[in-house]
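Participant: Please take these sequences and the hints and turn them into a complete structure.
There are 2 protein chains.
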Amino acid sequence: MEEFAAVSGISRPTVSKYFHDPESVRTSTRERIEAAIEKYDYRPNIYAMNQNRKLTKNVGIVVPYLADPFFAEIARNLEQRCIDEGYRPTLYGSHGEPAHESDILDSLLSLKPAGVLLAPLGRGTDRRVLERFCKAVPTLIFDSNVEEFGIAFVGSDNYQFTSHITDYLCRTGEPPSFFEMKTPANPNAHRRRQSYLTAMEDFGYEPHVISVEGGGWEFEEIGRLGGHNAIEQGLFTTGTVLCSNDRLAIGLLTACYEKGLRVGRGEDCAIRIAGQDNHPYARFTCPPLTTVAHDYDAVSKEAADTLFAAIEGTLSPWSSTRFEGKLLMRDSA
Amino acid sequence: MEEFAAVSGISRPTVSKYFHDPESVRTSTRERIEAAIEKYDYRPNIYAMNQNRKLTKNVGIVVPYLADPFFAEIARNLEQRCIDEGYRPTLYGSHGEPAHESDILDSLLSLKPAGVLLAPLGRGTDRRVLERFCKAVPTLIFDSNVEEFGIAFVGSDNYQFTSHITDYLCRTGEPPSFFEMKTPANPNAHRRRQSYLTAMEDFGYEPHVISVEGGGWEFEEIGRLGGHNAIEQGLFTTGTVLCSNDRLAIGLLTACYEKGLRVGRGEDCAIRIAGQDNHPYARFTCPPLTTVAHDYDAVSKEAADTLFAAIEGTLSPWSSTRFEGKLLMRDSA
DNA sequence: ACAAATAATTTACGCGCGTAAAGATTTAGC
DNA sequence: GCTAAATCTTTACGCGCGTAAATTATTTGT
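So the sequence lines, in the order shown, correspond to chains V and E. Numbering follows this note's numbering, in which position 120 of the first sequence is assigned residue number 120; successive positions increment by one, without gaps. Numbering follows this note's numbering, in which position 209 of the second sequence is assigned residue number 209; successive positions increment by one, without gaps.
These are calculated hints, taken from the structure and not from any lab test. Heads up, a few of these hints could be off.
No distinction is drawn between identical chains; accordingly, a pair holds when it is met within one copy or between any pair of copies.
[As the list claims (entries may be wrong)] Using 20 Å as the maximum straight-line C-alpha spacing, the simulated EDC-like pairs for lysine to aspartate or glutamate come out as follows: (1) K57 - D106; (2) K39 - D106; (3) K135 - D41; (4) K112 - D41.
Here the structure is a predicted model, which means the values were calculated and not measured.
Facilitator: Okay, structure coming up:
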């Protein structure tokens, strides 16, 4: 930087100031620096920069499982917003393992990030590690809430999701059974079950929950195996099934296919199946999956904006924002 | 580190040496240091460490599109192998955009990574940027090859993939048409088409390629729309279709559903559809998709091992390793 | 055109660690 | 118990940059 400043005819502290915030120097100076950068292809050493800065421009994005297209999609969205605001995002996937999540937070700590966007594992999340982390780094929790940690929570309104689609299913045919994992990793699943129970009672129907065994993140396979069992034991009494999420629904669709059950809302169909999330593949199942769509854009925008506001000093009390979902009526129900 | 060394009763240079490589100090010393780390919860500042080290422990993993479950899966696999070897992997997705890929390589350059595992965009990759990058950083190219850049290439044997499944399809029914994108981003697609043409000639059949329009990375939608067209125009003359990849096949399955065509190998089915890649969802389509599976494990192991060997000094000439695929016979064909 | 405000320069120090060199200490081999 | 080898300690410097303080140059308002 010393040399670069010399050949550019500008002092090193000014160059340093420019890299900290290009807007902080006079326009004429900025143009000279930028011309020199172009000419000499100089870029400052990231390690040396971040060593002394109290605040880096790093932002960590942590999701429970990067191989889940839902999280991959929202991570991609958040990543772009960070770049647009001049931050350097780094992606992390917890691989569904609490220990891995803790490791990520630990190593993130030594990266001195300006802020972190975290979708916690949920049930498996180590409260102590997370709490300590949130004290050190401005952390925005999204997707699934863990107590009132961090600066805010942003996610979807799971009660509304489930009551909305339950309403739709009741209006258009037999009331749905609810198909879910017995021990879901994600706390949203509990909200959805609860919402289903409430909605069914409100409509004057008897709720009917089918909880299937299985751990881990291979939801499709869990849905498929659970579906086989449920079909064999005749648990789908009403001919309509609302799944706790789309991935379970995709597995259940496979089970129905394998059992020779025709899925859909036509006269000749044996069963209606609906999901929740609008998973990127839900549109391409056979039949296309009726589901409730997250407002990806709204969630990621609110999450990013809230974090940036907190980083840039706007301290506000902890808050929780939940966006409503949109019903997507397709052929499966 | 000064203070930590003092309270631990060990000199700072030795502590520094320990963090560089725990094996490089005497066992008794290592135990004392590790006990002290446990006690005082000390960890060195990453930025200061990497500033002076000629070689960091960072490894970059770059894939064209993180929201594609295929790449998400292989990235996850590679990530784990890096961690196991004591490296710090960082994930990057190019979002399908050449400019973004170049940006990633550029910013990776300033991270002084020990090595990089790169799955290039392919056709869109900026040759000049990549070449310059490969000169500065040990780079292993995987999935799709770009000239003979980097230290080596590791991927799947696309010729074998297609000839193998073409063989199977010809033996079990009518010979397949080949369903692909007209302008695929990935060079593997060209190999597969070529392999199809060769295989069909070898079997004495007339090859029949259906190239559909569409750019970007939304392969399912491209397959669906292309499928609608092809069905309307009666292009699937033989009643068997081999798709260039599983994502196109998934879209085509949706198109068939929407057109009322029954897919599968049963007597009452109108069309057989097969894919290639064994996409994580291929098992859950309706019907489950017959496809050729990558040897994920072998590819990622070979890729990681080759990179680690190069980093640790074992210089070997550029090489190309391609693993054969395994035919997965499911219900769609 | 002049004072006040703004921006850039000069000078200087420190961040937390890597690392080299020389000397002191411990260990291994016999 | 001795020597050679391996390891550790002491000392010292530098990496590439952030940043504070004092000074000087430039711009702005009137």
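Participant: Now, for every hint given, state plainly whether the structure supports it.
Facilitator: Results for each hint:
1. Taking the shortest Cα distances, K57 and D106 sit within 20 Å of each other both inside one copy (18 Å) and across copies (17 Å).
2. In this assembly of identical chains, the alpha carbons of K39 and D106 lie at most 20 Å apart only when taken from different copies (16 Å versus 40 Å within one copy).
3. In this assembly of identical chains, the alpha carbons of K135 and D41 lie at most 20 Å apart only when taken from different copies (17 Å versus 39 Å within one copy).
4. In this assembly of identical chains, K112 and D41 lie within 20 Å of each other by CA distance solely across copies; the values are 16 Å between and 27 Å within a copy.
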